[in-house]
Amino acid sequence: MINKINNQPIQSSESLLKNTQNISGTDLSKQFGSFLNNAINQLNLEEQTVSQLNSQFIQGGNVDPHELLIASQKASLGLELTVEVRNKVIEAYQEIMRMQI
Numbered sequence: 001m002i003n004k005i006n007n008q009p010i011q012s013s014e015s016l017l018k019n020t021q022n023i024s025g026t027d028l029s030k031q032f033g034s035f036l037n038n039a040i041n042q043l044n045l046e047e048q049t050v051s052q053l054n055s056q057f058i059q060g061g062n063v064d065p066h067e068l069l070i071a072s073q074k075a076s077l078g079l080e081l082t083v084e085v086r087n088k089v090i091e092a093y094q095e096i097m098r099m100q101i
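Residue numbering for the sequence shown follows UniProt numbering, beginning at 1 and increasing consecutively.
Please note: incorrect hints may appear among the correct ones.
Stated by the list, open to error - Label-pair ranges, simulated between beta-carbon atoms:
(1) Ser-34 <-> Val-83: 19 to 25 Å
(2) Asn-22 <-> Gln-100: 40 to 46 Å
(3) Gln-59 <-> Asn-22: 20 to 26 Å
(4) Gln-31 <-> Asn-62: 40 to 46 Å
(5) Gln-100 <-> Phe-35: 47 to 53 Å
(6) Asn-44 <-> Glu-95: 28 to 34 Å
(7) Ile-70 <-> Ile-101: 46 to 52 Å
(8) Leu-28 <-> Leu-68: 24 to 30 Å
(9) Gln-100 <-> Lys-74: 39 to 45 Å
(10) Gln-94 <-> Pro-65: 19 to 25 Å
Unchecked claim - The list that follows gives simulated cross-link-like pairs (lysine to aspartate or glutamate, DMTMM-like), each with its CA atoms no further than 25 Å apart:
(11) Lys-74 <-> Glu-47
(12) Lys-74 <-> Asp-64
(13) Lys-30 <-> Glu-84
Hints in this document: simulated from the structure, not taken from any laboratory.
Where a beta carbon is used, it is the ideal one built from N, C-alpha and C, also for glycine.
Please model the entire structure based on the sequences and the hints provided.
Pasting the structure below:
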């Protein structure tokens, strides 16, 4: 059976700003770091799920091909998003390093 897609809304930038107005830079960097760790852990779990479904499918287990393809695409999109976020962070870092003081 195909699982429902989680379509909970992402927090808006306004609500994120309200939550971070009285937070120090150190706390904010820790929150950002934990957010990235959680996102990477979630991506890793999706990759493990795809690997598990794939091995069950190959062994002739009771796996719906559609479920396998959907899980595979979710993991692929998550990886692409992670790479793009990494690229943007590197670009921002390089831009900051080019600034003259």
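So, going through the hints one by one against the coordinates:
{"no.": "1", "hint": "Ser-34 <-> Val-83: 19 to 25 Å", "verdict": "21 Å, holds"}
{"no.": "2", "hint": "Asn-22 <-> Gln-100: 40 to 46 Å", "verdict": "32 Å, violated"}
{"no.": "3", "hint": "Gln-59 <-> Asn-22: 20 to 26 Å", "verdict": "54 Å, violated"}
{"no.": "4", "hint": "Gln-31 <-> Asn-62: 40 to 46 Å", "verdict": "42 Å, holds"}
{"no.": "5", "hint": "Gln-100 <-> Phe-35: 47 to 53 Å", "verdict": "31 Å, violated"}
{"no.": "6", "hint": "Asn-44 <-> Glu-95: 28 to 34 Å", "verdict": "30 Å, holds"}
{"no.": "7", "hint": "Ile-70 <-> Ile-101: 46 to 52 Å", "verdict": "50 Å, holds"}
{"no.": "8", "hint": "Leu-28 <-> Leu-68: 24 to 30 Å", "verdict": "40 Å, violated"}
{"no.": "9", "hint": "Gln-100 <-> Lys-74: 39 to 45 Å", "verdict": "43 Å, holds"}
{"no.": "10", "hint": "Gln-94 <-> Pro-65: 19 to 25 Å", "verdict": "43 Å, violated"}
{"no.": "11", "hint": "Lys-74 <-> Glu-47", "verdict": "9 Å, holds"}
{"no.": "12", "hint": "Lys-74 <-> Asp-64", "verdict": "16 Å, holds"}
{"no.": "13", "hint": "Lys-30 <-> Glu-84", "verdict": "21 Å, holds"}
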